[in-house]
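J.: Sequence:
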Amino acid sequence: MANRVVAEISVVPVGTGSTSLSHFVAACLDAVGTKGGVSYQLTPMGTIVEGTLQEVFEVIRAMHEAPFGKGAFRVVTWVKIDDRRDKESTMTSKIESVAKLRQISRS
845 MANRVVAEIS VVPVGTGSTS LSHFVAACLD AVGTKGGVSY QLTPMGTIVE
895 GTLQEVFEVI RAMHEAPFGK GAFRVVTWVK IDDRRDKEST MTSKIESVAK
945 LRQISRS
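First residue of the sequence shown? That's 845 in our numbering, and the numbers climb one at a time after it.
Where hints are given, some of them may not hold.
What the hints assert, rightly or not - Calculated cross-link-like contacts (lysine-lysine; reagent style PhoX-like; alpha-carbon spacing at most 20 Å):
#: 1; residue 1: K924; residue 2: K938
#: 2; residue 1: K924; residue 2: K879
#: 3; residue 1: K931; residue 2: K914
I should point out that these hints are in silico values taken from the structure, not numbers from a laboratory.
Between the sequences and the hints, there should be enough to build the whole structure, so can you do that?
T.: Here it is in structure tokens:
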């Protein structure tokens with residue numbers, strides 16, 4: 845099985861004439877849903893995606909293109925990729941690792 849990465853993607857259409865971006869966010873999530881093999885979680889400031897590096901790059905492209913399909917003429921996309929190759933790292937394992945440390949420190 846190929847190494848999986850975790851990425852945070854934030855797509856912002858610019859100059860849309862509206863302060864609401866919900867329909868653009870929905871279009872980006874629809875684009876993620878078309879890519880098999882990836883897990884994702886919407887957060888208030890972006891979307892966390894987990895998959896192989898190739899899958900994640902395909903998702904990034906699809907998410908970046910989605911606002912153009914909804915009428916945007918300019919899009920800015922921020923990407924952070926955590927590519928850990930010494931051991932498996934998932935969205936869940938990253939959260940559990942911090943939770944475990946917090947629990948120990950409270951003891």
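J.: With reference to the structure, classify each hint as holding or not holding.
T.: Hints and how they fare:
no., hint, in the structure
1, K924 / K938, "holds, 15 Å"
2, K924 / K879, "holds, 19 Å"
3, K931 / K914, "violated, 39 Å"
Against the hints set out earlier in the document, a violation occurs for number 3 only.
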